[in-house]
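These protein sequences, in sequence, are chains A and B. Letter by letter, the first sequence follows residues 1 to 111 in the working numbering. Letter by letter, the second sequence follows residues 1 to 113 in the working numbering.
Nothing false has been slipped in among the hints.
Where chain A lies over chain B, by a calculated footprint (3+ residues, C-beta under 8 Å):
| no. | stretch |
| --- | --- |
| 1 | 36-44 |
| 2 | 48-61 |
| 3 | 93-102 |
| 4 | 105-111 |
Some chain A residues close to chain B (C-beta under 8 Å, calculated; not the full set):
| no. | residue |
| --- | --- |
| 5 | L43 |
| 6 | V48 |
| 7 | L50 |
| 8 | F88 |
| 9 | D92 |
| 10 | Y97 |
| 11 | T103 |
| 12 | G104 |
These are computed hints drawn from the structure, not numbers from a lab. Ideal placement from N, C-alpha and C gives every residue a C-beta, glycine not left out.
Each chain is listed here by its residues.
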Amino acid sequence: ELKVEQNPLFLSMQEGKNYTIYCNYSTTSDRLYWYRQDPGKSLESLFVLLSNGAVKQEGRLMASLDTKARLSTLHITAAVHDLSATYFCAVDASGTYKYIFGTGTRLKVLA
Amino acid sequence: NAGVTQTPKFQVLKTGQSMTLQCAQDMNHEYMSWYRQDPGMGLRLIHYSVGAGITDQGEVPNGYNVSRSTTEDFPLRLLSAAPSQTSVYFCASVRTGSYNEQFFGPGTRLTVL
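Full structure from sequences and hints, please.
Encoded structure:
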């Protein structure tokens with residue numbers, strides 16, 4: 001059974017600081033996704049990672065994938081208040097269209 | 001393109017009532033899915049469809065029915081609502097290709113009393 005674990009579940013950080021969110025998954029997957037969700041809103045796609053060693057960056061967010069360790073990280077550089085949101089990772093079980101989500105990390109950036 | 005649309009946005013039901021949550025997409029995507037989101041549990045897959053006439057169960061299918069008669073529409077039916085089905089429901093469709101990117105609807109917030 002494919003499982004996805006994220007940590008931490010909650011993260012409160014000061015503006016300007018760096019931090020990393022971790023996403024572990026249990027079995028082989030073809031793709032790793034990161035999403036952002038603002039309160040009361042839908043999910044917004046941030047990154048899709050396909051292969052081992054893949055790294056993608058958008059602004060202050062950088063995502064990476066280690067398929068051998070079944071681990072993805074979302075690194076936040078010099079956090080700003082606008083990054084406050086809940087971040088989810090998800091994987092699709094190989095050969096299927098079944099997407100399994102992590103429980104999410106609620107990020108709060110304090111001014 | 002309207003993308004993925006869902007109706008209604010909000011709904012309150014009494015225990016035992018039935019209703020249908022509507023989902024439509026205008027991007028000609030074959031794959032569509034339904035999720036529920038509960039606090040602290042992320043999104044859980046209810047049912048999904050890989051094309052018209054083809055549906056399958058996800059992680060939490062009990063109490064829900066789906067059908068897919070057209071590419072555009074993928075309604076979710078609650079047969080006899082229970083308080084445990086109080087949740088936010090999201091519909092999504094997938095643009096297939098290298099990334100298999102999911103597009104989410106705005107969600108339906110359902111309360112069952």
